[in-house]
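Engineer: Add chain Y to chain E, keeping to what the hints say.
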Amino acid sequence: MTKKVFIVDDEVSFTRMLKANLERTGLYSVTTENDPMVALEAAKSFQPDVMFLDVMMPGMEGGELAALMREDKMLSDVPIVFMTAIVTKEETGDTVGEIGGNMFLAKPVKLQDVLDAIQKVIS
Amino acid sequence: MFFLLLGDAFANGKEDVSLTQAQLDWLKDHPVVRVAYDPAFPPVEFTAEVNTYQGMAADYLEIISSVLGIQFEIVHPQTWEDALDLIRERKVDMLSAVARTAQREDYMVFTEPYLKLPAVVITARTDVDDWSMENLLQMKIAVVSDYAWDDWIMESYPEALLIRTPNIVSGLETVSFGAADAMIGDLATTSFFIGQSGITNLRVARQIDQSLDLSIGVRSDMAILRDIFDRVLEAISEERREAIKSGWIQLESPAWWKNPVFLWWASGIILLFVVIILAVSIWNRTLQHRVEVRTQQLRDTQARLLQAAKLESVGRLAAGVAHEVKNPLAILQMGLDFVRPDVEMKEPCRETIDDMQNAIDRASSIIHGLLDFSREEKLVLEPVDLNQVIQRSLQLVRHELSRQGVEARTELADSLPEIDGDSDKLQQVFINLFMNALHAMKGEGVLTVRSSVEPGKSLPTSPATGQPAFPGGDKVIVIQVTDSGPGIPEDKLDKLFDPFFTTKPVGEGTGLGLSITHNIVELHQGLIRFSNRPEGGACATLVFCLSR
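First to last, the sequence lines map onto chains E and Y. Just so we're aligned: 100 in this note's numbering is position 100 of the first sequence, and the numbers increase by one with no gaps anywhere. Just so we're aligned: 1442 in this note's numbering is position 442 of the second sequence, and the numbers increase by one with no gaps anywhere.
With the rest of the complex left out, here is chain E:
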């Protein structure tokens, strides 16, 4: 059974490419959202197993969106991985790291980094 992955990032090309990569593995069903203002409702509708959130987005930052999701009973237990260009790999560790209790992926992320992150949070 495929796992459901929800991706929020304002870069359309990035979300399209990441979705294509993940779905080609045959392991994941991916929904993307480029507007963080409607991402909460989209996530509640999709009911993902894991969510990837960009940090720097126009209208609402990833951290703020994550807080709203935590308050929602339907999404509060869904693991969240942040993706951002403003941290370095050194700060996050080799691939997936933690900063302040949250999981981070440093851009530019490689597909294998994303796959490893999904395995880590779901397990």
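Since the hints were derived computationally from the structure, they do not count as laboratory data.
Now the in silico label distances, taken between C-beta atoms and shown as ranges:
#1 Y:N1532 x E:I122: 54 to 60 Å
#2 E:E41 x Y:F1338: 27 to 33 Å
#3 E:A42 x Y:E1351: 38 to 44 Å
#4 Y:P1383 x E:L27: 45 to 51 Å
#5 Y:K1495 x E:P58: 36 to 42 Å
#6 E:E23 x Y:E1382: 43 to 49 Å
Every beta carbon over 12 Å from chain Y, so not counted as near; a handful from chain E, in silico:
#7 K4
#8 S29
#9 D35
#10 M37
#11 L40
#12 E41
#13 K44
#14 S45
#15 G59
#16 L68
#17 R70
#18 E71
#19 L75
#20 S76
#21 D77
Here are some of the chain E residues that sit facing chain Y, going by a computed Cβ distance under 7 Å:
#22 E11
#23 S13
#24 F14
#25 M17
#26 L18
#27 A20
#28 N21
#29 A85
#30 K107
#31 P108
#32 K110
#33 L111
Just so it is clear, CB atoms sit at the ideal spot from N, CA and C, and this is done for glycine as well.
Structural biologist: Relative to chain E, chain Y alone:
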């Protein structure tokens, strides 16, 4: 005989003069009285301008003339001796101011003295304390010929050694030059001539009891005139006398600018001015030096602030660029990951995929460097043994060193005091320095790392960075990283810490490593400078203050 009061004649005073009828009749018969005087006896009497009779005696005669209603015909002799001859020969009727002597009583009668002048001994000698007459008689005494002093000394002290001079000035000069030991004269006239002549080495040794009493001397056959004069002189008030005296005695005071007290004060004030001017001059020079030093310090500070501002603005730019570039890189990475499975099996394509991946990785590395540079460093401080950090850093680069054939040597102090530092950041510094040395050597060579403890003030300023000697007299830790490479071009030494400055070929460095290294060292309150070694190669010197 009746007395006529002549009160109206005194313009200023209220004195009344009573004369007998016989005296009045005599005056009526003798309306003109001939007068001779000493032409060189100021301020008592003297010839001022050509044939002008002036002095205290002249003032008294003016009073007498107005009271009695007679005229005085002034006869101007050339010398005092001539004046005495004139009255002796009765070519004049009176002498206006003359001292009574036994010799003169042969041909003159005298009024009561109307002028009394204190007598003094004038001398230039400073080696004599006893100026009594007994001692004075052992010396050579100058007197004016035919003056009363001459007669008085000859009469009282015939054994005296007298040097007779024609006038007072001559007598004073005789004493000034040392030809005579002293001169006896009255204070008024001698003071007048001392001031006028400018003789500066004379002083009053002492005042003698004998005073010079001056009277009007009348030819002996005119005693009635003497009596008349006595009555007038007696009637002159003390105020009037003082007024006459003060009007002339000022002349005998030395010029104000010759007053010793004034001269002393003037000298003191001038000396004070000189000292003040010197002090101000020295102070000005000291201030000027301080201003120059402070100006140079301000220039240095301004340069460092400019550098900091430049780095800060670059940092902000770097953060913005990093963020904007990373997103496209992320897209490229995702795209590459997407096409990789489809093309990886075909050989030429696989090489292309690898090249694309290397490019993305390199761009990402540059972005990371920019982010590091833009980040305001926050140190995690803890006690750090720099020797251990050096060892750890060498371990991390040992593979690169051996791959390139570079030998690593360490000359570390046996016991290095700990400093408060961020070991990870310091490790980054040493790795950066080691890698820079490695790249400089480009092959075989020797990388040497030394650590020591040295006195802070022994370190000179850095010509490369312009940084001053390490501030502090405390001991410091010095780390030196040297290589056997070609060294650093002299014109590049002061640019090493500029962001994006690099001596490496394009693509082999971001030019941010040393800027970040410099930043980290400064955050540790240390300094870093580069220099070229005399034996070849470059040397990076780091200095850290010991923990307090």
